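Residue numbers (this note's numbering), protein chains in the order written: chain A, 159 to 490; chain B, 159 to 490; chain C, 159 to 490; chain D, 159 to 490; chain E, 159 to 490; chain F, 159 to 490.
The set of hints was computed from the structure by calculation and includes no laboratory data. For clarity, every value in this text was computed on a predicted model and none was experimentally measured. Using N, Cα and C, we set each Cβ at its ideal position, and we do this for glycine too. Careful, some of the hints might be misleading.
Stated by the list, open to error - From the structure, some residues in chain E lie toward chain A, with a derived Cβ separation under 7 Å:
id	residue
1	ASP185
2	GLU234
3	GLY235
4	LYS368
5	ARG396
6	ASP402
To be verified - Just so you have them, the derived chain B footprint on chain A, three or more residues with Cβ under 8 Å:
id	segment
7	218 to 231
8	234 to 243
9	305 to 313
10	404 to 411
11	426 to 440
What the hints assert, rightly or not - Here are the computed lysine-lysine pairs in the BS3-like style, where the Cα-Cα straight-line distance is at most 30 Å:
id	chain 1	residue 1	chain 2	residue 2
12	A	LYS368	E	LYS420
13	D	LYS345	C	LYS455
14	F	LYS241	C	LYS469
15	A	LYS455	B	LYS368
16	B	LYS241	A	LYS322
17	D	LYS220	D	LYS384
18	F	LYS241	A	LYS368
19	A	LYS322	B	LYS220
20	F	LYS241	D	LYS345
21	E	LYS368	A	LYS368
There are 6 protein chains.
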Amino acid sequence: MKQSKFEPSEEVLSGDTTDIYFARTIDILRSEGLNPVATMEVFTSRAGMLCGMEEVKALLAKVLPEDNREVWALSEGETMDSKEVVLRITAPYQSYGLYETAICGILAHCSSWATAARECVAAAHGIPIISFGARHVYPSIAGIMDYSAIVGGCAGCSSVAGAKLAGIEPSGTMPHALIIVMGDTVKATIAFDKYMPPEVPRVSLVDTFKDEAEESLRVAEALGEKLDSVRLDTPGERGGVTADLVKEVRARLDLAGFSKVKIFVTGGLDPERITYFLESGAQVDGFGVGSYISGAKPIDFTADLHEIEGKPIAKRGRIPGITPNPKLKRVM
Amino acid sequence: MKQSKFEPSEEVLSGDTTDIYFARTIDILRSEGLNPVATMEVFTSRAGMLCGMEEVKALLAKVLPEDNREVWALSEGETMDSKEVVLRITAPYQSYGLYETAICGILAHCSSWATAARECVAAAHGIPIISFGARHVYPSIAGIMDYSAIVGGCAGCSSVAGAKLAGIEPSGTMPHALIIVMGDTVKATIAFDKYMPPEVPRVSLVDTFKDEAEESLRVAEALGEKLDSVRLDTPGERGGVTADLVKEVRARLDLAGFSKVKIFVTGGLDPERITYFLESGAQVDGFGVGSYISGAKPIDFTADLHEIEGKPIAKRGRIPGITPNPKLKRVM
Amino acid sequence: MKQSKFEPSEEVLSGDTTDIYFARTIDILRSEGLNPVATMEVFTSRAGMLCGMEEVKALLAKVLPEDNREVWALSEGETMDSKEVVLRITAPYQSYGLYETAICGILAHCSSWATAARECVAAAHGIPIISFGARHVYPSIAGIMDYSAIVGGCAGCSSVAGAKLAGIEPSGTMPHALIIVMGDTVKATIAFDKYMPPEVPRVSLVDTFKDEAEESLRVAEALGEKLDSVRLDTPGERGGVTADLVKEVRARLDLAGFSKVKIFVTGGLDPERITYFLESGAQVDGFGVGSYISGAKPIDFTADLHEIEGKPIAKRGRIPGITPNPKLKRVM
Amino acid sequence: MKQSKFEPSEEVLSGDTTDIYFARTIDILRSEGLNPVATMEVFTSRAGMLCGMEEVKALLAKVLPEDNREVWALSEGETMDSKEVVLRITAPYQSYGLYETAICGILAHCSSWATAARECVAAAHGIPIISFGARHVYPSIAGIMDYSAIVGGCAGCSSVAGAKLAGIEPSGTMPHALIIVMGDTVKATIAFDKYMPPEVPRVSLVDTFKDEAEESLRVAEALGEKLDSVRLDTPGERGGVTADLVKEVRARLDLAGFSKVKIFVTGGLDPERITYFLESGAQVDGFGVGSYISGAKPIDFTADLHEIEGKPIAKRGRIPGITPNPKLKRVM
Amino acid sequence: MKQSKFEPSEEVLSGDTTDIYFARTIDILRSEGLNPVATMEVFTSRAGMLCGMEEVKALLAKVLPEDNREVWALSEGETMDSKEVVLRITAPYQSYGLYETAICGILAHCSSWATAARECVAAAHGIPIISFGARHVYPSIAGIMDYSAIVGGCAGCSSVAGAKLAGIEPSGTMPHALIIVMGDTVKATIAFDKYMPPEVPRVSLVDTFKDEAEESLRVAEALGEKLDSVRLDTPGERGGVTADLVKEVRARLDLAGFSKVKIFVTGGLDPERITYFLESGAQVDGFGVGSYISGAKPIDFTADLHEIEGKPIAKRGRIPGITPNPKLKRVM
Amino acid sequence: MKQSKFEPSEEVLSGDTTDIYFARTIDILRSEGLNPVATMEVFTSRAGMLCGMEEVKALLAKVLPEDNREVWALSEGETMDSKEVVLRITAPYQSYGLYETAICGILAHCSSWATAARECVAAAHGIPIISFGARHVYPSIAGIMDYSAIVGGCAGCSSVAGAKLAGIEPSGTMPHALIIVMGDTVKATIAFDKYMPPEVPRVSLVDTFKDEAEESLRVAEALGEKLDSVRLDTPGERGGVTADLVKEVRARLDLAGFSKVKIFVTGGLDPERITYFLESGAQVDGFGVGSYISGAKPIDFTADLHEIEGKPIAKRGRIPGITPNPKLKRVM
């Protein structure tokens, strides 16, 4: 467990982000002097890839009494089935009852991002996917979102915060804004090349002012061997990026002798669209995926008490006692 | 503008949560000595309720040069059409280029929550909606999510952080956990009543161990006049909460003389389900909505440069120059 | 042929239940002195299980002249294909022309019940099905309906008349009315046990006043070893009987040491619903099926003349002459 | 109440056709000495036309104690809404508990037939409908089925038993069998005319051996003014009866001077098909409907106890106490 | 009747293009000495606009005996309903029997083109439609196809032969081939302007080598006031012509002062697509429609004999005698 | 190449049927003195059977300079995939540019007819298909349409012109008109037999005045051994030709000893309907297909320039240079 990475924040520890009724529950139980050892199980509402467990464990390590706790869990990035129990905590209830909201929320959001990323990665059959969705989420989760995408198999991400969490370098090309401010794609590409450190790949965005094929040839001629890729991001108003466009740009680059220049595609990508490119035989060298990953619907998790002081119990609709799951490993 | 409420965080100001290519763009432009006055417009990909603008304004107030800026915007909570421009910034590009990711992200997420909340509120025709979805999102956004739900018309929310941002008291009943730990619904309800301050309404959750109608009568008899409501949250394994269940509990409470006790419904609610209750004639007194609001898909926003030093310009697919929108008001 | 069982009724023999035009036809032919030996074939409009043939044969045995008749038929309970000829009669037309309506009607209704029962039995993969649909049909056919369901594979039926025809004991549990009159499920179950002969299995209906799981444990504790089964019949207003409910009741009975108590399910069952229980892994020990069997749409049968005095003939749309069907056996 | 018409049969009175568990319930209550005055309500599962109530009343008149009974009911042929209470009995439970199965069964089947007939009548906009479905039901219900069809608005029926119950003459034309036995349609029609009493309309079936239009002209020429109608019953193998066929036969009859000869259509008719003929402008003078009416799925009825000795009670899922329905009239 | 325009061809008059069985029929009738005055009616299988009647009349004028003929018909371009009789010929059968194939074929094809054209014209609400589909049909019908499109409301057509038949000038812009051969759009446009007569509008095709918006500005600057329109024909590989593209080209032309230059759209157009442009608010000045018109499925016409020597007759399925249609006018 | 068969017509050679803009292009290039050797490729928009290539080759042989041309093509009747290049011409552009419209049009229409015919032939599994659609197309293409149907696999065609092009005898039976004029089917059949040369098969159309089965027996008895087939063409008003009708006519013919008389079916046939007859087991001996073949939607073909003077070039959306297709053979 990398504690430094997922140090629980003050707002979580204080109960500020929790549902108020858990805070009240702890108050009542304290007043009543009730603090039984209770077993809580957390299960997922649908299948996918589990993510967020590292952070949950960091939280539990901080709040559970070291001498009276037992925690079983699946691992970060492990596959989970619908209804599968992914976490089981046995400890005095007052020590962790307040954090049910946070535990469920962390797993819900992180697992949804990792699962969506995994779907794109599976569809791409080895072609790298970069997570480009930071712009579609609230800034305070841009980092954890990109971290989860990396857990899900993405080869890179655009946010600095996400790259830090995942222990990699952030990825990125250039925005339309740079080209518009500089007035020309070739000029912007040359400036990019001039100032950026050598390890940053030269990727030129070629749909801003001119036909993509024409612009690809212009930047290739301007940068020569140094050009790593062109990025196609044609807007929907112009038909979006199609497999035919990729094939044509590829053919025209090859005809002009630039067969080493790669093609990177972005804009409205999801597993279905990625599959379309692959099935059409368009030779894409990388995909940048945005809101399909970052806007993935959280996967609901549910927490239930199943034992109180060792005795099976459950609310109506649930089975009392421990739910067997041989995949669970003891982690604490 | 309530600056204290939406003070920009260090991670946003530092560019840590931004897409790396904006950071690089600013580097390049600085190296080139280019800092033209540029006009950026932000438009939404679909219709809904705008939210997050207060926070965006707080950010811009901090970063734009006071003597060389002009900002036009729609207001927090205002309705927006598909493709409508909601924000127009004119200022030296280096002062704000780094924040395109954060600006789009704040609006995307907050507007999605407010819009989803608004849909529930519209469906409920005056019956109060409480936002109960904190458990389905990453903890660091529980507060802003609940704030946005309140902007969208919710009467309350369960997270402490959200209530603070919205300037109200948090709402909540009791969790199944309290009842399971105490072993009986009546016992838990009496304890709740004993320790909670008088202004907290006594709402008893009645589906944990016994038939909902039977349990409703038991808690009503135990608390008498003090009981404000019963909360029905029947799990799907037991058929969920149905309009018929609500009608029957209402009838049995009335028959036993408890016609003042209200009925609060939670579990899998969305506008369609709320409409079902209303059209079935079930007399619900409040709804708690979870993942329909908190898991709403972010509404993509797009930022485009439309003028450089007063001259119309635009990338392919967009119209150069200012996009007229008489609804915009100058805010800075 | 068990003639005692299917003695033709006076109203059939008199022609009272026939279509008037057959009575008129016989009148005309008599007046004209026409009574040729005619061959009539009866075929089914859709595939299924043939039933009612025993009764049809009893009727024909009574009305056809013994020395001038030839009857070929499929057997009771035999499978039939769409359009298959199931009966072929060769005899003087005046002897049987009046009974075309009755013959078609008996086969139509009995075959529909047997076919529907067969579908349920097939879906249940060995778990017994009891026919519980007498309450949905006109009383004079309750017996023949339940008889047909037994032919279709049901293990029992609830009507006394049906059980008599099928030569078995009627099956049944207890109605909600008994429990409501006695005021409590446990009390009603004890009274049932006190007065019923020992060979009647003790099956307690557990959804009348309390939660099904709670009530199951109460009756199990009250009757101990004598309790054979609990019956779940949760109404739609409470979500109906679900696989999850069955699993939970099973688990709670097992936890309490009552693993020998069986679970019998009723309410809105059909092959699709039965399959749902099996595929969900819910351990049901018996199903009671009502209107899916008793309200099955009659399978239309059609009777056509194909030979007159040995010469092939047919109306337009049909093929003149005998229709070959090697499955037919000579029965008269 | 016409008691002679609906004298309860011995098999109903004896409990032979009931579900065995009602017989057992009466045994148990007798042994316990329990016979409270109980109120049972019967409601329908879907909207339609109520039928069978006359027979139910005849049964109740026989079994309920005259000095301790109160019965409220809708009338035979009255419209009922989904879930509407159509019958309320207050009497000592032992006097009627045994008959719950029969009461529900009578109403279920009769109402389904009347409702289906009503739908055909509504679709036909005044063109008479004759019930022709006796051949698709078990003979013992042919009569009550046709009676119900008449209650539903049919102008006639083919079974003798049904006509008796409804107090009318049975209707019918001639079967294909008569024509096939006689070898020619014209010959059969002339024989029919020769022997049938004058009040029976001469309706000739014209699709047996020759083209329908050709045969229509042949029989019209043979019978002249005496021919009332031709009946079209073209089998599906020949395309069934179509609106175009009706129009053509009409036109050819008119051209030949037989504009008074009517056209009667049978074969696979239901409200949708009847509407098709009317909307196509085909001039049909009468429809014969078979299995749409006789094979209509029984409308489930449910009986619930709502008061015991004047006190509201009900099983889970139902509302205790009397269900208000101002349409109910006291009938006993 | 403009005889010069629709002079019957030798291959039609000779019977070369007819179904062989009509030639044989005439042979047989001649051998038998049968040549009755017969009335043939021609009706359409579906609604639409009638076209080809002028040519049919020219044929009939040539073959029917002047002193023994009566022809009633709808007019060229008149609306017809499904099943409507559009032509009625009364004359000696031998004079016209051979031409049934040709008459039906002319009306079938011409009416389908006119009807499809009419649908486009209706969708365009006044914006001119040019028929551009000659390239999708066999050359010998290019002219009559374009003539029919003009009857259907098109403002022009691209084929020389069609324009001649319709009495107008052919319309056209320039093909991609000209631009590719000349190597540059501006160069080709200047050459076009240099050599074409002044009355030919200068319409430049702007999607061959460069971005459409960029190319539009280049040709506008090169030709100045002389440029009439730009034509957008973006191929599907590049997303086709979209409403957004039209709006953007319009806006960029206007910004550059070329608001008089019109925009002409071609490529995959049909009424639905035309409606899309109009509903999207894109300001299109003309549409070129190809295969939707030229490849329209022929509208089947059927010819039936309804009278022989004044006596009503008809084959099965049709009504004997004259079919009344007050819209028919006597034309011969 | 059979030049006599496909001699290019004057209207094609003159450019009369071409799009005007090709004529203008040639004018401009002549004025500019530009006549480069250009390579044009023609590809199909969808898969099918190529037809019309013989005629295209005859045209090219006439117009291309013998000493400076290279033509590669697929063969008449060869299968082609979607987007496949079927023709590649390299020659001075002025020699063939004018004929792009005609080349595309010939291939479009002929390939659509051949492809549709091929689909019917495939569905018929060896039962012969006759092309009967001349009546649904403009007369000038009746011949080429039937020729294409023969290329597609049809065993015969009804038009004289088509049979000539294909080098076979035309096929046909008799029209309803002959029977109506003669007043009786048997009479018409006898006359047909009397006057037609012996090699024309005697096929009698049997649905005009009487029931098809009855009429079949009548003509079989009248003609005896000479009768080759009966043709069923029952109109939709009488239910059309069904598999059951075919089976019944077959059975009645066989019963009467006419098992050698074949059954030929026409009316509304397409591959789906043909498959229905085969799957139903109806023994059809021949099908006559009309508008499915003759009204098949033309298959769009597109012509693109890919090289100018040996240098790769292409408009946007296409790949510059020769498109490899090993199936192409050099034909000139």
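Right, here's what the structure says about each hint:
no., hint, result
1, ASP185, "violated (58 Å)"
2, GLU234, "violated (41 Å)"
3, GLY235, "violated (38 Å)"
4, LYS368, "holds (5 Å)"
5, ARG396, "holds (6 Å)"
6, ASP402, "holds (3 Å)"
7, 218 to 231, "violated (count 0)"
8, 234 to 243, "violated (count 0)"
9, 305 to 313, "violated (count 0)"
10, 404 to 411, "violated (count 0)"
11, 426 to 440, "violated (count 0)"
12, A:LYS368 - E:LYS420, "holds (22 Å)"
13, D:LYS345 - C:LYS455, "violated (38 Å)"
14, F:LYS241 - C:LYS469, "violated (63 Å)"
15, A:LYS455 - B:LYS368, "violated (33 Å)"
16, B:LYS241 - A:LYS322, "violated (34 Å)"
17, D:LYS220 - D:LYS384, "violated (50 Å)"
18, F:LYS241 - A:LYS368, "holds (28 Å)"
19, A:LYS322 - B:LYS220, "holds (26 Å)"
20, F:LYS241 - D:LYS345, "violated (68 Å)"
21, E:LYS368 - A:LYS368, "holds (7 Å)"
In summary, the structure is inconsistent with hints 1, 2, 3, 7, 8, 9, 10, 11, 13, 14, 15, 16, 17, 20 from the numbered list given earlier, while agreeing with the others.
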